[in-house]
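J.: Line order of the protein sequences matches chains A and B.
If you read the first sequence in the working numbering, its first letter stands for residue 135, the second for the next number, and so on.
If you read the second sequence in the working numbering, its first letter stands for residue 2, the second for the next number, and so on.
Watch out, some of these pointers could steer you wrong.
Claimed, not checked - With the Cβ distance kept under 10 Å, some of the chain B side facing chain A (calculated, not the full set):
hint, residue
1, Lys-11
2, Leu-61
3, Asp-63
4, Tyr-67
5, Leu-74
6, Arg-88
7, His-95
8, Asn-158
None of these hints come from the bench; they were simulated from the model.
Using N, Cα and C, we set each Cβ at its ideal position, and we do this for glycine too.
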Amino acid sequence: MSAAAAGAARYAAPGNGSLSAARAVRAEWTKFRTLPSNLVTMTITFVTIIGLAGVLLAALAGEGRVPATTELLAGVSWAQFVPAVLGVVMICSEWASGTSKVTFLAVPTRWPVLAGKVAVVGVATFVAGAAGAAGALVMGATTGVDVGGDPALVIRLVVGTGLYLGTIAVLALGLGAIVRNLVGSILTVIGLLWIMPFAAAMVPVPEVQELTLYLPTSAGVLLITPDNPAVGLTPWGGYAVLLAWAAAALAGAVLTLRTRDV
Amino acid sequence: MGIQVQSLGKQYGRTWAVRDLTFEVQPGKVTGFLGPNGAGKSTTMRSIVGLDRPTTGTALIDGVRYARLRAPLREVGTVLDARSAHRSRRAVDHLRTVAATHGFPRRRVDEVIGLAGLESVAHRRAGQFSLGMGQRLGIAVALLGDPHTLILDEPVNGLDPEGVTWIRRLLGSLAAEGRTVFLSSHLLSELALVAEHVIVIGRGELIADSPIDTLTADAERVRVRTEEVDALVRLVSAEGVTTASLDNGTVEITGLPVEAVARRAAEVGIVLLEVTPIHRTLEEAYTELTRDAVEYRAGDADGGRP
Numbered sequence: 135m136s137a138a139a140a141g142a143a144r145y146a147a148p149g150n151g152s153l154s155a156a157r158a159v160r161a162e163w164t165k166f167r168t169l170p171s172n173l174v175t176m177t178i179t180f181v182t183i184i185g186l187a188g189v190l191l192a193a194l195a196g197e198g199r200v201p202a203t204t205e206l207l208a209g210v211s212w213a214q215f216v217p218a219v220l221g222v223v224m225i226c227s228e229w230a231s232g233t234s235k236v237t238f239l240a241v242p243t244r245w246p247v248l249a250g251k252v253a254v255v256g257v258a259t260f261v262a263g264a265a266g267a268a269g270a271l272v273m274g275a276t277t278g279v280d281v282g283g284d285p286a287l288v289i290r291l292v293v294g295t296g297l298y299l300g301t302i303a304v305l306a307l308g309l310g311a312i313v314r315n316l317v318g319s320i321l322t323v324i325g326l327l328w329i330m331p332f333a334a335a336m337v338p339v340p341e342v343q344e345l346t347l348y349l350p351t352s353a354g355v356l357l358i359t360p361d362n363p364a365v366g367l368t369p370w371g372g373y374a375v376l377l378a379w380a381a382a383a384l385a386g387a388v389l390t391l392r393t394r395d396v
Numbered sequence: 002m003g004i005q006v007q008s009l010g011k012q013y014g015r016t017w018a019v020r021d022l023t024f025e026v027q028p029g030k031v032t033g034f035l036g037p038n039g040a041g042k043s044t045t046m047r048s049i050v051g052l053d054r055p056t057t058g059t060a061l062i063d064g065v066r067y068a069r070l071r072a073p074l075r076e077v078g079t080v081l082d083a084r085s086a087h088r089s090r091r092a093v094d095h096l097r098t099v100a101a102t103h104g105f106p107r108r109r110v111d112e113v114i115g116l117a118g119l120e121s122v123a124h125r126r127a128g129q130f131s132l133g134m135g136q137r138l139g140i141a142v143a144l145l146g147d148p149h150t151l152i153l154d155e156p157v158n159g160l161d162p163e164g165v166t167w168i169r170r171l172l173g174s175l176a177a178e179g180r181t182v183f184l185s186s187h188l189l190s191e192l193a194l195v196a197e198h199v200i201v202i203g204r205g206e207l208i209a210d211s212p213i214d215t216l217t218a219d220a221e222r223v224r225v226r227t228e229e230v231d232a233l234v235r236l237v238s239a240e241g242v243t244t245a246s247l248d249n250g251t252v253e254i255t256g257l258p259v260e261a262v263a264r265r266a267a268e269v270g271i272v273l274l275e276v277t278p279i280h281r282t283l284e285e286a287y288t289e290l291t292r293d294a295v296e297y298r299a300g301d302a303d304g305g306r307p
């Protein structure tokens, strides 16, 4: 055994491989696809959006009413919980499962790990969200909703659902990297994405109520709602606010990864 | 070459887990890193490989800080924890994710699975692994890049006897190829089987840094029974030699080999009725070395990280 081990170890060929940011990103994709639960999570996101559109159609049909195109995506606000948790789990499970040491021993520069997770969770959630939105709209079109009337809106809704959910997932990932503890991170995300808008709306001060619009979910969701000039932000303006939240969370995440012990 | 630790200190809150630690680990042999639980072994190893940022001092591998390595896995293989793979991921996929960071070919993953003796379980999820299989998987990861330096934290923990033999041979042959092998343990008996050199720490500070034989060699003791105890004590009393008289004409002489005692006695005609060399076991030497450290730590509730 000893001779064989030594011989193989000496002969063996790791090739002339070396670390690069691109390879670190690839490794994150390998990680993502080798956990069966991730495919399940993506499927749940997709199915939730379509399923809630179906529930809505059925409910309104009972009242003899046909929903507007944007109403078909009302379920996204519920479905977003899934990518948000996914974002948190992708980073926090590194510590919860003990893989963090292996991960950061292989990539001691650390930030490429975060970049890889951003790319993977962002793209995967974009695909699931856009596909879910497309499915919901197709289902609406086949049941009498006037979806084809505004092609530009359709594109904004499909792409927008993907972008919105993908960015929510990335924001959650960034917060998870800062908080690191799984439960603490999920509570933080729920607080920022769901509780804050409700809480702020209850403060009877007009200035606070105006600021509510700039919270991540309130601003971001404008991308998949009808353009309303009465609201202080355009759909894409609202998305830009969400992006800024995600960027701030990622900046905090990079700083935390750099300075905190693994 | 090897590992150079220079004035390393690591503070958690107000507690120093490691303080002003300086030592070198030479390539070409297995070096043990010994100390009671909580002595700072893991902290030191984590600092060497850049997971912890030292509060003071530096730790270099072949002259370079770990974080600066271009291809860290080809320079250093590290095992810090028997449970280092995601429970739901298959062992082979765990290895592939690590290999992907450096672009190692799939063939290499298969090779290290063979090296670690994991062929039959490679497609099982890591959550089903025993502690010993987890250690083997960790070692497989460490060997991926065929590194020149190996750092292993308590690698024997959880291995069955066959696994212990396996790792002893593996580490021995890796060292024989000129690699640097540095492994920790809180049990001296484990290290004594594999290490040539030993670095002992306690309470985060260096206690000993010496070849493993000299831990015992410097404590030669001979128990002698003679009717002329006083004459013998006068005869051998010299620098570095201590004597302790026991009951019924027996005296213990520390610091002289048994042959020397017998010869000196014969020269002056002292009759020795009984001569017994007393070897201090490694375990005794270790216990003696770390006694103060352990006592202190036992009363030190907010001790360092384990």
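J.: Does each hint hold? Answer for all of them.
T.: Results for each hint:
Of the supplied interface hints, the one on Lys-11/B holds, with its beta-carbon coming within about 9 Å of a beta-carbon of chain A, less than 10 Å. A distance limit of 10 Å between C-beta atoms decides the matter here; for Leu-61/B the minimum to chain A is near 14 Å, and the interface restraint is violated. With 10 Å as the threshold, the beta carbon of Asp-63/B stays out of range of chain A, its nearest partner Cβ sitting at about 15 Å, so the hint is violated. Proximity of Tyr-67/B to chain A holds as hinted, the smallest CB-CB distance being about 6 Å (cut-off 10 Å).
The closest approach between the C-beta of Leu-74/B and any C-beta of chain A is roughly 6 Å, which is under the 10 Å cut-off, so the hint is satisfied. For Arg-88/B, the interface hint holds, the least distance from its beta-carbon to any beta-carbon of chain A being 6 Å, beneath 10 Å. A least Cβ separation of about 8 Å between His-95/B and chain A falls short of the 10 Å threshold, and the interface hint therefore holds. Here the hint on Asn-158/B is broken, as its CB sits about 14 Å from the closest CB of chain A, past 10 Å.
Of the numbered hints given earlier, the model fails hints 2, 3, 8; all others are met.
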